[in-house]
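Using the hints provided, position chain B relative to the given structure of chain A.
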Amino acid sequence: MIAPHTPEKTFLVRIQRQDGESQPAYWQEFEVPVKPAQNIISVLQYIAANPVTTSGEQVEPVVWDSGCLEEVCGACTMVVDGQVRQSCSCLANEQLAKTGKDHIELTPMTKFPVVRDLFVDRQRMFDNLKKIKGWVPIDGTHDLGPGPTETPEQQEERYAYSRCMTCGCCLEACPQFTKDNEFIGAQAIAQALYFNQHETGKKLKSERLDELSGPGGVADCGNAQNCVKVCPKEIPLTQAIAKVGRQLTVHAVKSFFSSK
Amino acid sequence: MSTANPPKKSPATPLCSLLEKNHFILRRLHSLSGIVPIGLFVCMHLFTNAQMIWGQDSTTGEGTFQHEVDFIHSMPALFIIEWSLWGAIAFHAGLGFWYTFTGKHNVKRYSYADNLRYMLQRITGVIALVFIFLHVATLRWRWDLFGWFTPFYGEGYQAPGVPHAFHDVPMSLPLTAYALQISWLVVLFYLVGVTASVYHWCNGLWTAAISWGLTITTASMKRWGFVCAGLFVALMSFFAASMIGALKFDLGQDMSADQIEVFELIVPESRIPLDVSNRP
Chain A
1 MIAPHTPEKT FLVRIQRQDG ESQPAYWQEF EVPVKPAQNI ISVLQYIAAN PVTTSGEQVE
61 PVVWDSGCLE EVCGACTMVV DGQVRQSCSC LANEQLAKTG KDHIELTPMT KFPVVRDLFV
121 DRQRMFDNLK KIKGWVPIDG THDLGPGPTE TPEQQEERYA YSRCMTCGCC LEACPQFTKD
181 NEFIGAQAIA QALYFNQHET GKKLKSERLD ELSGPGGVAD CGNAQNCVKV CPKEIPLTQA
241 IAKVGRQLTV HAVKSFFSSK
Chain B
1 MSTANPPKKS PATPLCSLLE KNHFILRRLH SLSGIVPIGL FVCMHLFTNA QMIWGQDSTT
61 GEGTFQHEVD FIHSMPALFI IEWSLWGAIA FHAGLGFWYT FTGKHNVKRY SYADNLRYML
121 QRITGVIALV FIFLHVATLR WRWDLFGWFT PFYGEGYQAP GVPHAFHDVP MSLPLTAYAL
181 QISWLVVLFY LVGVTASVYH WCNGLWTAAI SWGLTITTAS MKRWGFVCAG LFVALMSFFA
241 ASMIGALKFD LGQDMSADQI EVFELIVPES RIPLDVSNRP
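First to last, the protein sequences are chains A and B. Residue 1 is where the first sequence starts when you use my numbering, and the numbers rise one by one after that. Residue 1 is where the second sequence starts when you use my numbering, and the numbers rise one by one after that.
These aren't lab readings, by the way, just hints derived from the structure by calculation. Just so you know, not all the hints are guaranteed correct.
[Stated by the list, open to error] EDC-like mimics (lysine to aspartate or glutamate), calculated; alpha carbons at most 16 Å apart, straight line:
#1 A:K111 to A:E182
#2 B:K104 to A:E182
#3 A:K101 to A:E29
#4 B:K21 to A:D180
#5 A:K229 to B:D114
#6 A:K35 to A:E57
#7 A:K101 to A:E31
#8 B:K21 to A:E182
#9 B:K21 to A:D210
#10 B:K104 to A:D180
#11 B:K108 to A:D81
#12 A:K202 to A:E150
None of the values given here were measured: they were computed from a predicted structure.
Extracted from the complex, chain A is given alone in its bound form:
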């Protein structure tokens, strides 16, 4: 018996491609069959297996970055229909229903250099973590005994900041963070607060605040507050910025009267 022929339902995926950092960007369009519960990563996997554009041209498979596939590593962050998000947690059917269009548009993040296609280099974020000394200063050579205790309230607040996965959504949506300025952005500011609030991490607080009061520091924030709205981990980024602002105000007054 022959199964009744039903034409496969498809949708279009428009991808902004780029062969390298200084190469020009160009668009390609692919037709992808609709499958239930299919996320953007599986759409990209289908395209990698069938790299033929809608005009019938055989092309190089699209390059993208991904890791955990459960929205905790940040590697697959890209711009889906103009909005930055993790592509692993973006379901194609839901996205099509949300925009009401017959196609999905994928572009790389615009605030970081493109390695290839949808794969960007987010090194600036990790450099910023080094700048703000995003660590607890213990070298692990000898036993320091039990660390200071934290209240449940402190734990609860710091847990929120600990969720940051360095994905870059906050920076992509930030009007003050651009490729050609040195603004440090919400991610690093929130991490500075995270470590300033840690009982042992506090030892580097003054150094962190010195870094954050320089060019590109917290004062460059324009309070557009996009960061907190696009953060997939719902980190209270604007509160972190305000709290570091308070620490900086106190720090500046203290330095005025007591620094050598």
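Using the frame of chain A, we list chain B on its own:
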């Protein structure tokens, strides 16, 4: 290999390095200069102007607005206040203009209300600067722009051709009313300029509370937002009161006989006919 050192930045100009060294303090002074000298002055200015709504005594020309204006002019060393204000405006506008271009708005992609507020803060800053300049140029320095005749109080009775005997005649309200009644374009110019300036101050007050670390929770930002919105409404109603006061002032009926005489000397060819037929 001799590449152990990281690449050095290109040598900066002295101004750039001065700005970089004092980055934090300049940013905070930028915030402070907008709120305290400029903002507080604008609040006072709008409150004074709002007194126009009470009108004046049509026999003597005395009124609350005139009283306030005389008080301001009686202040000692007024020029120091005036020049400090120009200093604050130049500092705030210069840095603000530069800061504006360190960012790149993206309201199209991220159309949140707060993001729009961010963009408006920058647009209204530029509008306010242009407005303040034109406002002072026409009313204070008596520039004749676009053919508007916008006489200033100080020149009101001291204008050339006004005899000494008239130097005590209060002219603030009639001349302000005349300046605004000439054309709806003037009214529109003030409506846009004042709305932009007041918005810029109120929104600046809201964001400054975050930058200085006063409002450190989402809830407190919201509460402070209501306070700033309240200030916006209050200042805009002062502005509305002054506009109503100036527009409802009847140049023919509400001026005293002395005022009409001085008015005709200062404004020989009034563009608004003075209907003096039913005067008591």
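We went through each hint and held it up to the structure:
no.	hint	in the structure
1	A:K111 to A:E182	12 Å, holds
2	B:K104 to A:E182	13 Å, holds
3	A:K101 to A:E29	14 Å, holds
4	B:K21 to A:D180	19 Å, violated
5	A:K229 to B:D114	10 Å, holds
6	A:K35 to A:E57	24 Å, violated
7	A:K101 to A:E31	14 Å, holds
8	B:K21 to A:E182	15 Å, holds
9	B:K21 to A:D210	12 Å, holds
10	B:K104 to A:D180	11 Å, holds
11	B:K108 to A:D81	12 Å, holds
12	A:K202 to A:E150	13 Å, holds
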